[in-house]
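Peer 1: Generate coordinates for the entire structure from the input sequences, incorporating the hints supplied.
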Amino acid sequence: MVEDKQFLEDIPGVGRVTAKRLRDAGILSIKHLSLYTIDELVDIIGMDPIRLSSILSYARKIIGFQVNNASSYMKYRSSLPRITTGVNGLDRILQGGLEARAI
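Position in the sequence shown (from 1) plus 256 gives the number in the numbering used here.
Bear in mind the hints are in silico, worked out from the structure with no lab data behind them. These numbers come from a predicted model, not from an experiment. Built from N, CA and C at the ideal position, the CB exists for glycine as well. A hint or two may mislead.
[Stated by the list, open to error] Heads up, simulated DSBU-like pairs for lysine-lysine below, C-alpha to C-alpha not over 35 Å straight-line:
| # | residue 1 | residue 2 |
| --- | --- | --- |
| 1 | K287 | K276 |
| 2 | K317 | K331 |
| 3 | K317 | K287 |
[Said to hold, decoys possible] Derived Cβ-Cβ restraints for the label pairs, each shown as a range:
| # | residue 1 | residue 2 | range |
| --- | --- | --- | --- |
| 4 | A358 | V323 | 20 to 26 Å |
| 5 | G282 | F321 | 14 to 20 Å |
| 6 | S328 | L350 | 20 to 26 Å |
| 7 | L346 | E265 | 51 to 57 Å |
| 8 | G342 | D299 | 34 to 40 Å |
| 9 | I349 | S327 | 55 to 61 Å |
| 10 | G302 | N344 | 54 to 60 Å |
Peer 2: Okay, structure coming up:
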């Protein structure tokens, strides 16, 4: 995980000018930068998409950001433990009860 003491300039390809553009757009940290898509960044700061792709992938690598697809998220959600309500009909509607993390 990234420490708070890392700066945008720590990313290869991000110099003073690029860091200023990002900060002026409200992107103040590597973690915040990693939440954007390339298209959003192109719209916000108007840089070359290929260069932004490199910057964004490095930022995500630093903080361990992973993009999950819907099927892997569905597997994760189905593996969560469920707590029964005690009412069979309601448990069927809730697909086995309430998710333990939902309470």
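Peer 1: Each of the hints needs a verdict: does it hold here or not?
Peer 2: Going down the list of hints, with the structure as the test:
1. Our distance criterion of 35 Å between C-alpha atoms is met by K287 and K276, whose separation comes to about 16 Å.
2. The straight-line distance between the Cα atoms of K317 and K331 is roughly 24 Å, inside the 35 Å bound, and the hint therefore holds.
3. Of the pairs offered as hints, the one joining K317 and K287 holds, with about 10 Å between alpha carbons and a cut-off of 35 Å not exceeded.
4. For A358 paired with V323, a C-beta distance near 24 Å keeps the hint of 20 to 26 Å intact.
5. The supplied range of 14 to 20 Å is met by G282 and F321, whose beta-carbon atoms lie about 19 Å from each other.
6. At roughly 22 Å, the beta-carbon separation of S328 and L350 lies within the given 20 to 26 Å, and the hint holds.
7. At roughly 54 Å, the beta carbons of L346 and E265 sit within the given window of 51 to 57 Å.
8. Range check, G342 to D299: Cβ separation about 51 Å, and the 34 to 40 Å hint is violated.
9. Under the hint 55 to 61 Å, the C-beta atoms of I349 and S327, about 23 Å apart, miss the expected range.
10. Checking the proposed 54 to 60 Å range against G302 and N344 shows it holds: the Cβ atoms sit about 58 Å from each other.
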